[in-house]
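J.: Sequences listed follow chains H and V, in order. Note that the working numbering has the first sequence beginning at 82, numbered continuously upward. Note that the working numbering has the second sequence beginning at 82, numbered continuously upward.
Warning: the hint list may mix true and false statements.
Stated by the list, open to error - Just the calculated beta-carbon pair ranges, DEER-fashion:
no., chain 1, residue 1, chain 2, residue 2, range
1, V, Ile247, H, Arg345, 45 to 55 Å
2, V, Lys239, H, Gln403, 33 to 43 Å
3, H, Glu246, V, His140, 23 to 33 Å
4, H, Lys159, V, His140, 36 to 46 Å
5, V, Ser300, H, Pro407, 25 to 35 Å
6, H, His150, V, His140, 49 to 59 Å
7, H, Met216, V, Asn95, 27 to 37 Å
Unchecked claim - Coverage of chain H stretches by chain V, computed from C-beta distances (three or more under 8 Å per stretch; other residues unrestricted):
no., region
8, 121 to 130
9, 324 to 334
10, 349 to 357
Hints were generated in silico from the structure; no laboratory data involved. All C-beta atoms, glycine included, are put in the ideal place defined by N, C-alpha and C.
2 protein chains.
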Amino acid sequence: MKPHIIIDNLQYNNWSPKIFEQLVKGQVSAVHATIAYHEDFQETILNIIQWNRFFQTHHDKILRGSSHHDVIKAQKSKKCAIFFGFQNPSPIEDHIGLVEVWHQLGVRFMQLSYNNQSLLATGCYEQNDPGITRMGKEVIREMNRVGMVVDMSHSAEKSTLHAIEISSRPIVISHANPAQWHEARRNKSNTVLKALAESNGMIGFSLYPHHLKNQSQCSLESFCSMIAQTAEIMGVHSIGLGSDLCQDQPNSVVEWMRNGTWTRTLDFGEGSPDNPGFPDMPSWFQDNRDFLNIHKGLRDVGFSEQDVNLIMGENWLRFYEQSFSPQNQNNL
Amino acid sequence: MKPHIIIDNLQYNNWSPKIFEQLVKGQVSAVHATIAYHEDFQETILNIIQWNRFFQTHHDKILRGSSHHDVIKAQKSKKCAIFFGFQNPSPIEDHIGLVEVWHQLGVRFMQLSYNNQSLLATGCYEQNDPGITRMGKEVIREMNRVGMVVDMSHSAEKSTLHAIEISSRPIVISHANPAQWHEARRNKSNTVLKALAESNGMIGFSLYPHHLKNQSQCSLESFCSMIAQTAEIMGVHSIGLGSDLCQDQPNSVVEWMRNGTWTRTLDFGEGSPDNPGFPDMPSWFQDNRDFLNIHKGLRDVGFSEQDVNLIMGENWLRFYEQSFSPQNQNNL
Chain H
82 MKPHIIIDNL QYNNWSPKIF EQLVKGQVSA VHATIAYHED FQETILNIIQ WNRFFQTHHD
142 KILRGSSHHD VIKAQKSKKC AIFFGFQNPS PIEDHIGLVE VWHQLGVRFM QLSYNNQSLL
202 ATGCYEQNDP GITRMGKEVI REMNRVGMVV DMSHSAEKST LHAIEISSRP IVISHANPAQ
262 WHEARRNKSN TVLKALAESN GMIGFSLYPH HLKNQSQCSL ESFCSMIAQT AEIMGVHSIG
322 LGSDLCQDQP NSVVEWMRNG TWTRTLDFGE GSPDNPGFPD MPSWFQDNRD FLNIHKGLRD
382 VGFSEQDVNL IMGENWLRFY EQSFSPQNQN NL
Chain V
82 MKPHIIIDNL QYNNWSPKIF EQLVKGQVSA VHATIAYHED FQETILNIIQ WNRFFQTHHD
142 KILRGSSHHD VIKAQKSKKC AIFFGFQNPS PIEDHIGLVE VWHQLGVRFM QLSYNNQSLL
202 ATGCYEQNDP GITRMGKEVI REMNRVGMVV DMSHSAEKST LHAIEISSRP IVISHANPAQ
262 WHEARRNKSN TVLKALAESN GMIGFSLYPH HLKNQSQCSL ESFCSMIAQT AEIMGVHSIG
322 LGSDLCQDQP NSVVEWMRNG TWTRTLDFGE GSPDNPGFPD MPSWFQDNRD FLNIHKGLRD
382 VGFSEQDVNL IMGENWLRFY EQSFSPQNQN NL
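Isolated chain H (complex conformation) (with noise of 0.2 Å):
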């Protein structure tokens, strides 16, 4: 057996023909892609420019994703489909018309801070979290307006959960696990989690080791056991993957996304002094070949053909249909 759709619902690779040959041969047939931590919206461009010559030059493995349908379009030509996403709102730089400008250009997710407090919402780093700011409020009804989802795998609790109050369309955890599994301040509590499902929202469940219990030594069963248990809480249909898959990226990218231009002193993030690089993968998810693994450990838990299905992709295939498109087509 083997999923009827795979969906990664996020990635930030050093993107080569070897990565989109393995996502071609793994079937993955979308994957959220991350083009910005801490770009400012010129910077993104020259992000958006590179994945316009990818999908030039290697047009026999992927295709650009602005809705549901490409990804349809890719599993049936065997290729996978992209779609944008930024995990700081520094594209946006301090202009809410950007909004719109980036979904044109293809964005589709948002992240409303990185581990900092940002213009529009608190990281989950920072000491106090006043919640969503002025901003912050009018970007998310900006991002609802256009199609582009709310994104708040690193921000800080409170902030998550105004978002999720404050926005009028489901938003996203593209990437953490849960606290209750593995205590981590990038992982989320049983509150948050409630109040997302109730929401419409998703969560997908990272294999970044600094996020997985026992780090890089965590099993399928245990990982596939947290999955089953967040099914408990959130129901089945709110859950999907969001790997963060950062594959073949040296120790220097890992560096930036932790300090980008924001600090002059070494910021370490998850990892430590002694730790500061990229974490091994786990040995049963190494990279987009390796689904099918998770898709045997989901079986091997319990869970019905049927559910692993929605976890694998259909879960997010649907949430996609529901979330690209403009609010009010006829207001736009």
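With chain H held as given, fit chain V onto it using these hints.
T.: Leaving out everything else, chain V in the frame of chain H:
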């Protein structure tokens, strides 16, 4: 009788609810609107944001034009489809990758030069015209690939002939008239008109008084007779309208169009020290409600109803259908 469809392939108005209302009243189904003269990339993004706001606020009168389907959609819903164009390649700065980014944002026409030498081609006010530059050849190829039309309205003759030769897809002179009728630096030789027609390109006849015989006093009959003479040279399938309407613009705008940021001394372009501002439009073409005058004028000089329909909009509609999609969908 009225035309089947009206398309004006160049306007640069001081856009307002009043003008959008006139487009609807005049039953203009599509306009190619200039959104950049000398703006760089980021400045042009601000113009896109302003247009996004227009599309949102005035959705009952205008809609975003991306393909010829939008013209039909606009006509059926009694709206006007707005297609974007640049009169200068300044918004791509020196980065060929920005051609595709602008196409994604809806830009469908780009002049390779505006009066002066650009990185791509020579303008019609330069003394010497070496033809299309190295980068110009690459950018034409890229425009051909993504579906952005080369516009040589303000370019010099040798560069124009060179562009026609290099481009693998038909190009346009969106707004100009034959020099044979009215000698002006911006009007075009029969050599250019013939080469344009032989390559399936199109010209849009300008109503900007500096391009008209007797300027603001030009008669409707003289204008329509000129169209009849041009049809003899180019054939009736290569001609349409490109009014160059600059409605409600203050004179500071024509000064900026001519001087941009490239000179510290005042350049009067087609004007002169004692006539520096926008000239008055002909009495029979004041705004978008006056296209029916031209329709009647064309009938009066002997065009068949069928040919008038071609000139008023059907030729542009066919050209749009052939020009705005990527050249080879499989390679994108």
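J.: Using the beta carbons of Lys239 of chain V and Gln403 of chain H, state whether their distance is inside 33 to 43 Å or not.
T.: 55 Å, violated
J.: Verify the CB-CB distance for Lys159 of chain H and His140 of chain V against the hinted window 36 to 46 Å.
T.: 39 Å, holds
J.: So the hint says 25 to 35 Å: do the beta-carbon atoms of Ser300 of chain V and Pro407 of chain H match that?
T.: 47 Å, violated
J.: Indicate whether the distance between the beta carbons of Met216 of chain H and Asn95 of chain V respects the range 27 to 37 Å.
T.: 30 Å, holds
J.: Checking C-beta pairs, does the region 324 to 334 of chain H have three or more residues closer than 8 Å to chain V?
T.: Since 0 is below three, the answer is violated.
J.: Counting residues of the region 349 to 357 of chain H with a beta carbon closer than 8 Å to any beta carbon of chain V, are there 3 or more?
T.: Since three or more residues must qualify, the claim that chain V covers the region 349 to 357 of chain H is violated, with 0 doing so at under 8 Å.
J.: Take a look at whether the Cβ-Cβ distance between Glu246 of chain H and His140 of chain V falls inside 23 to 33 Å.
T.: 29 Å, holds
J.: Can you tell me if the region 121 to 130 of chain H counts as covered by chain V, using C-beta to C-beta distances under 8 Å and a minimum of three residues?
T.: Holds, because 6 residues of the region 121 to 130 of chain H bring their Cβ atoms closer than 8 Å to Cβ atoms of chain V.
J.: Is 49 to 59 Å a correct range for the gap between the Cβ atoms of His150 of chain H and His140 of chain V?
T.: 24 Å, violated
J.: Do Ile247 of chain V and Arg345 of chain H keep their Cβ atoms within the hinted range of 45 to 55 Å?
T.: 51 Å, holds
Hints 2, 5, 6, 9, 10, counting from the list given before, are not met by this structure.
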